[in-house]
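Visitor: Here is what each chain is made of, one letter per residue.
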Amino acid sequence: MFGYIIKRLLYAIPILIGVNLITFILFFMVNSPEDMARAQLGAKQVTPQMIQAWKEQRGYEKPLFINDKATGISKATDTLFVQESLKLFSFNFGISDSNRDIGSDIKERMGPSLAIALPTFLIALITNISLALLLVLFRGSALDTSMMIVAVMIMSISGLFYIIAGQVLFSKMWHWVPISGYESGWGAVKFTVLPVMIGVFAGIGAGVRWYRSIFLEQINQDYVRTARAKGLSELKVLFGHVLRNGMLPILTGVVVVIPTLFMGSLIMESFFGIPGLGSYTIDAINSQDFAIVKAMVFLGSVLYIIGLILTDISYTLFDPRVKL
Amino acid sequence: MILTLLWTDIMVWILLFTIVVWSWVVSGSPQVKKQWHTIFKSSIAMASATVLLFYLLFTLLDSVHFRLATPSTDTKSQQVQYGEMTSLLDLLFSHNIKNTERTYSAPFATHEYAKSIVVDANGVTKQAYLPLKHVSNNNDLLQKSMFAIFMGIVMGGSLIFLHMVWRKKRGFKSELPWRTAYLTLLFLTVIFTWFYMLSYHYHVLGTDKVGGDVLYHSLKSIRTGVLIGVLTTLIMLPVAIILGVSAGLFGGWVDDVIQYLYTTLSSIPGVLLIAAGVLSMQVMMDNNPTWFETTLERSDLRLLFLILILGITSWTGLCRLLRAETLKISQIEFVTAAKAFGVGKFTIIRRHIIPNLMHIILISIVLDFSGLVLAEAVLSYVGVGVDPTMHSWGNMINQARLEMAREPMVWWSLFSAFVFMFILVLAANLLSDRIQIVLDPRNKS
Chain A
1 MFGYIIKRLL YAIPILIGVN LITFILFFMV NSPEDMARAQ LGAKQVTPQM IQAWKEQRGY
61 EKPLFINDKA TGISKATDTL FVQESLKLFS FNFGISDSNR DIGSDIKERM GPSLAIALPT
121 FLIALITNIS LALLLVLFRG SALDTSMMIV AVMIMSISGL FYIIAGQVLF SKMWHWVPIS
181 GYESGWGAVK FTVLPVMIGV FAGIGAGVRW YRSIFLEQIN QDYVRTARAK GLSELKVLFG
241 HVLRNGMLPI LTGVVVVIPT LFMGSLIMES FFGIPGLGSY TIDAINSQDF AIVKAMVFLG
301 SVLYIIGLIL TDISYTLFDP RVKL
Chain B
1 MILTLLWTDI MVWILLFTIV VWSWVVSGSP QVKKQWHTIF KSSIAMASAT VLLFYLLFTL
61 LDSVHFRLAT PSTDTKSQQV QYGEMTSLLD LLFSHNIKNT ERTYSAPFAT HEYAKSIVVD
121 ANGVTKQAYL PLKHVSNNND LLQKSMFAIF MGIVMGGSLI FLHMVWRKKR GFKSELPWRT
181 AYLTLLFLTV IFTWFYMLSY HYHVLGTDKV GGDVLYHSLK SIRTGVLIGV LTTLIMLPVA
241 IILGVSAGLF GGWVDDVIQY LYTTLSSIPG VLLIAAGVLS MQVMMDNNPT WFETTLERSD
301 LRLLFLILIL GITSWTGLCR LLRAETLKIS QIEFVTAAKA FGVGKFTIIR RHIIPNLMHI
361 ILISIVLDFS GLVLAEAVLS YVGVGVDPTM HSWGNMINQA RLEMAREPMV WWSLFSAFVF
421 MFILVLAANL LSDRIQIVLD PRNKS
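Chains as they are written, first to last, in this note's numbering: chain A, 1 to 324; chain B, 1 to 445.
Bound-form chain A, shown alone (with noise of 0.2 angstroms):
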């Protein structure tokens, strides 16, 4: 078991490098340190000092990929890439454009994140399951025919439209919660529950629809007929057999999402101001703050690649076929 995700966490390093080529090419190939700083300063006089002091100042300075001054091993090493890559792999995120350091605000902004998406995930996940249990329960009834129907409508409507009606009918008409917002403690309650109600609906008939086909898919096999032939009821049989076999699917769908929960929804926390990741992140792209965007897309990426190690860890969990 130890083994096998040590074995796996190395597989992650060389993912984690083609990660940072990636958004080493997009960031400083696509646009030269000169670009950014011109862009940065602004459409003034901009002398080559300022340029320079610029690049010093973010250690942009040194060439891409290859030194042409250095000797021996630093050639390779004495650059910008193996620099970046250096300081992104120890978690060190640099100065953003505004002078912070963004490795304090990514902490300082993880917990408004997850007081949103976790109550979201936990809540959109026992709701989808039960409302898909029941669903299968009265399978091929005017309920079942009724409720799919609903559920593709809702999965066609976009998200803003469930964030703006519910802003409208509940903050501004209504006058339940306040529309936007946040603070930290138990008062964050009155911010967070709008966003959280509005993030399950907008989920629940894709999630509906999803859960509900992995358990048709199981309600057919043998032992399901097996079971009902012993005389179980049919409460018994979904979820003492269906529900648990169909734990399997559910859990590749469900694990990896877990660890990007720190991530934050993007426009969700943009829509009700909250000070979580995702509303920095879109502050960043308003602001062409490309320090941030590399390391918000680093974060992810690292929290992606945890999400995958975890599903595969929860597997030997839950199913006893398969060994590690």
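It should be emphasised that the hints constitute simulated quantities derived from the structure, not laboratory data.
The reader is advised that the hints may include incorrect statements.
[What the hints assert, rightly or not] DSS-like cross-link-like pairs, simulated, lysine-lysine; straight-line CA separation at most 30 angstroms:
1) A/Lys-7 <-> B/Lys-328
2) B/Lys-209 <-> A/Lys-172
3) B/Lys-328 <-> B/Lys-339
4) B/Lys-220 <-> B/Lys-209
5) A/Lys-172 <-> A/Lys-236
6) B/Lys-34 <-> B/Lys-144
7) B/Lys-34 <-> B/Lys-169
8) A/Lys-172 <-> B/Lys-144
Predicted, not measured: the structure shown is a model, and the values here were computed from it.
Knowing the structure of chain A, use the given hints to seat chain B on it.
Guide: Just chain B now, kept in the frame of chain A:
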């Protein structure tokens, strides 16, 4: 008049040409023909396809760009002057482009939405609702509507009649639910004719902040939405098929490299990768202003780049599916037999692998389509979507979002964008469900 095609126009027509050729080739195979027949036996699929065709028609109308010769003011010069780039759709709605109001007005309103300060004849300043400039005040909405609906029925009816005549020639053999298609077509034509004929006298869906007609904006946005949904798939399809099939078939280091490629790409969060790509592209375009001459060309180039970036980020899922399926197929006896007979690798791919992957490819095309149309709105909101000057539902929503706080609410812009998007996505989702049910071999029962 000179025809000036944008890059995306060219791609649209190439795509249409490919689809026509492909369906002509495919119609030679009785199996495939039967499959499509089964798909369209469902009346929901038929209705959805009709809706999608209607949207496609607007895309095509909006994908023919040309410059009209303008009457030259300088009589001496021999050179003909050419005006701005317009499309067929612009020509159809030229009255709406010309007749802009001052600011917001509600659908079918005769006056502006907010009061403004006016000085009347006696020199007294007061607040009043100003009348709209380009709206008829004759209170004949009902009469005009009746006439427009009548015209719509005539137009839709004649289309249906023509099709019935064509079917009669072939002996009315088909079991397809044509009646549903006719009803949908009639409904769509009547609605459109009603909107169109009234758009000469009213702002049917209201006007936006700068007084532009919302109906015209929504119709122009169709092209952007459909293009993003369709062209992205077109770009990622060859990549996904070539890499997926070769990974599954050749195995070894080819498989390792390709697997590494898609794992790496898919481990970067999608929106962030798109954002990173679009940001880089923006700086690149700012540094190369010589690539485009007009704002239309600029926004078109940006749309093209966006589609490219979306294509690069979205091939991984399909590639993974195709690799797994190719692995499975290449173990089946008919492939082993073909190998034993000494059939070449490419012949095996062409004859045995690709036809058996078609259902996965088709399902993913239609599934991705609706996702991409919805994604456009989100991306435009995030600020990494299409050019802000371009007509798109995302931009409409983004601009109208700021007006939510107004009292009374300015709802029509948002509403129109969401409804236009909803109808397209719903039709695509329903059709993709049907295709999935029919083509997925697991549902053979």
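Visitor: Evaluate each hint against the coordinates.
Guide: Hints, one by one, checked against the model:
{"no.": "1", "hint": "A/Lys-7 <-> B/Lys-328", "in the structure": "holds (27 angstroms)"}
{"no.": "2", "hint": "B/Lys-209 <-> A/Lys-172", "in the structure": "holds (21 angstroms)"}
{"no.": "3", "hint": "B/Lys-328 <-> B/Lys-339", "in the structure": "holds (15 angstroms)"}
{"no.": "4", "hint": "B/Lys-220 <-> B/Lys-209", "in the structure": "holds (17 angstroms)"}
{"no.": "5", "hint": "A/Lys-172 <-> A/Lys-236", "in the structure": "violated (46 angstroms)"}
{"no.": "6", "hint": "B/Lys-34 <-> B/Lys-144", "in the structure": "violated (46 angstroms)"}
{"no.": "7", "hint": "B/Lys-34 <-> B/Lys-169", "in the structure": "holds (21 angstroms)"}
{"no.": "8", "hint": "A/Lys-172 <-> B/Lys-144", "in the structure": "violated (37 angstroms)"}
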